[in-house]
Amino acid sequence: MHEFSRTSQIVEAVLSEAQKEHAVKVIEVELEIGDLTFLGIEQVRFAYKILTDKTIAKDSKLKIDKIPGRGACEACGYDGPLSYIDDEQFHIIVPTFNCPRCGKPLSISAGRECVIKRIRIRK
Amino acid sequence: MPRTVQSEPGEIFDIELDENLKRANDLIAEENRRQLQAYGVRAIDVMGSVGAGKTSLIEHLARLLKTRYRIAAFKGDLTSKIDSERIESIGIQAVQINTGRECHLDANLVKKALRQLDLKALDLLLIENVGNLICPADFALGSDKRVVVISVTEGPYMVVKHPFIFADADVAVINKIDLARPMDVDTSKLAEDVRKINARTSVVPTNCRTGEGVREVAEALGLKPAQ
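Chains L and X, in that order, give the protein sequences. Mapped onto the working numbering, the consecutive letters of the first sequence carry residue numbers 1 to 123. Mapped onto the working numbering, the consecutive letters of the second sequence carry residue numbers 1001 to 1227.
Hint data in this document are derived by calculation from the structure and do not stem from the laboratory. Do not take every clue at face value.
[Claimed, not checked] Keeping only pairs whose Cα atoms sit at most 25 Å apart, straight-line, the calculated SDA-like set for lysine to any residue is: (1) K1022(X) to I67(L); (2) K20(L) to E1019(X); (3) K61(L) to R45(L); (4) K1145(X) to G1131(X); (5) K25(L) to E1019(X).
Sequences are here, hints too, so could you generate the full structure?
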């Protein structure tokens, strides 16, 4: 939903870091995006391409690691992937924030990330 | 932030950044939370789609609670003061937050709006988010509790189609229950869907035209209405 504004934040941070390091070219940028965010990968790529045009990051490779949702259960100690309700009737796959083992509510431990992990530059 | 630089042939460098882009909003949200807590103000973020009944719920909650709590409301919209005037007409202070184009409130807008209030003279802050079941889920504001308002006129699949908004919801309000029959919507099925997604969320059916169920909403939020 907020791909363009998030991606402009990303590009801004990348370019400022590259400038600090006296880079002549940004070659690659690696992101982590959580499955529970509303950031569509295709739209992020599209915005990235537009926003890096005419910068030293033009044509750089954008690597995106999707981080699956995980949760931790205080009640039974479960710490792992979220489970999904698969409703075949409507072709809807709904995530649940309840523990797959005991049904109690989970606290979300991963899946909400939007992180620039690393950048590769040429000096 | 630790930065490591590794050299590779051809003067190519890898820079570990680990920069979290959601951190900016989360930090301000934490700041808001601390500030509200310091003054003993409880803040409730009311989310829901356009026309679900968020303002009506806030009006009823304010009427029910204003003799026991000193209340203010924030009213998030793209534009206009229509709703904040509605809320002020029942005798509580309202601050209109016009986002212009943004489809959700963020922590910084709430921080700015907090400057308009005398927190010492307040016990309860009701924050009405912009009508939207998607984006507000991604932006913490610093509230204690989050409420999601849906209504039967939005159809029977509102919950399963918007699961992420329920991830942090303490209370889900199913509004307009008087229209469930004409709309042919089963409210118990909607309640069941909420529980399947998040067992932590309490579900309260309401009719925010008459005020039916509003007392139960207050109780589910840990607020004590006057007898």
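Evaluated hints:
1. K1022(X) to I67(L): Judged against 25 Å, a Cα distance of about 15 Å means the pair holds.
2. K20(L) to E1019(X): Status holds; Cα separation ~15 Å.
3. K61(L) to R45(L): holds (10 Å)
4. K1145(X) to G1131(X): Holds, at roughly 17 Å.
5. K25(L) to E1019(X): holds (20 Å)
Every hint from the earlier list agrees with this structure, and none is contradicted.
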